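Novice: As they're listed, the protein sequences go chains A and B.
Note that this note's numbering numbers the first sequence so that position 138 is 138, with each residue one more than the last.
Each number in this note's numbering corresponds to the 1-based position in the second sequence with 1000 added.
No lab work stands behind these hints: they were computed from the structure.
No experiment lies behind these values; they were computed from the predicted model shown.
Even glycine gets a Cβ: it sits at the ideal position worked out from N, Cα and C.
Worth double-checking, as some hints may not be accurate.
To be clear about the criterion: a stretch of chain B counts as covered by chain A if any three or more of its residues have a C-beta under 8 Å from a C-beta of chain A, and this derived list gives those stretches [claimed, not checked]: (1) 1009-1019; (2) 1027-1041; (3) 1081-1089; (4) 1098-1111; (5) 1160-1172; (6) 1175-1188.
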Amino acid sequence: MQPETAIGRVADAALTEVDPPLDYPDYVGTRLRAPKSPLVLVPSSLSELTGPVFGDGPLGETDADLTRQHPGEPLGERIVVSGRVLGSDGKPLPRQLVEIWQANAAGRYRHAVDTHAAPLDPNFTGWGRCLTDDDGSYRFTTVLPGAYPWGNHPNAWRPKHIHFSLFGRAFTERLITQMYFPGDPLFPFDPIFNSIRDESARRRLVSTFDLELTRPDWALGFRFDIVLGGREATPLEEPHDD
Amino acid sequence: MTDAALTPSQTAGPYLEIGLIGGPISSRLVDESDPRAIRLSGALLDGAREPVPDGLIEIWQANAAGRYAHPADAREELPVEEGFTGFGRSATDAAGRFALVTVKPGRVPWADGRLQAPHLLVGVFARGLLKRVATRMYFPDEETANAEDPVLLGLAPEERATLIAREDGGLLRFDIVLQGPGQTTFFAV
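Work the whole structure out from these sequences, hints included.
Specialist: Structure (structure tokens):
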């Protein structure tokens, strides 16, 4: 068999230069869910090098403004979240579907599973979607999500975050991640954030306050750029053990 | 390699339905009345064989003629089907079950030009998964094509067995086991 079409195996722990490992017991939810067998490494074919195209997907007028999806305005600190979606070559990715979801300002999700004793907001559902424009830019208007407790360990709280879903240009580039806010005091205590081994990679999930995005007398602006690329990149020689 | 530093993954968490269900992406890639429609169903199970009730299954596939609805598939001799995106998703329910309606894709070439058997790429997200896990689903009535599929040929028999759906009273059944004995074979993509 020729080397370029060989099928190999790779330990997930060697694929953590950017992404977290699957097996990360500090995040209790991984313990029964993280696959333990080595991953199969196959050369990319047309199957992996293509992916969904949403260039003209039907979106509603208020899909990117989470403060205008109900008759009244949600409570909380109004914010603008904007940035660019780029390929690993640094080029903007236009017409990309960006999907987000988040807790309300009190730290409560509109979901049957969320039983946190914080109020729901009748004027906030917490989803948004938009397409990037020609220079790869997206923009949402929403409210600052609250931090909330979760049962992972005693007195566990998630830092404020917004979930992001992105597609890129191929199946290999699909990404779901979370955007955080600058200076959150909960960072050192959050196993999900700290599951990313590389500190500079973790920092890339923290948005920056941006006065240029900030709308006078209306909303603070936060910038969050996203870079998408294939994950199959060369595995590290050895997993980090820090 | 890469010029810009990639954005890392984080778990989709238990509330992914809020953002990912109800939008433009459906679990029906074709209408159920389409004579070619295949109903695909399965359960997402954890290492204790308990259902995963907060997961998301996504599929990506070529159309029935074997062409991807993507500009990188430049095989003009194969038809593009208007309205067929090749992509769908289903959240799992309290029993860990997902359900999708699609068509069997045609065969597409592998990296070395050999034909692959009809297959779907499958992505799985859930609370407890810090990044997507990816697998492939093959069809039980494609024994000849499966026997010469370059990916299946590179796997041990027990690994291969986890990737082939089974016929189940008019449904195509494909269970996904995240961990433990009988774990589904996952791919680094």
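Novice: Output the indices of the hints that this structure fails to meet, ascending.
Specialist: Hints 2, 5 not satisfied by this model.
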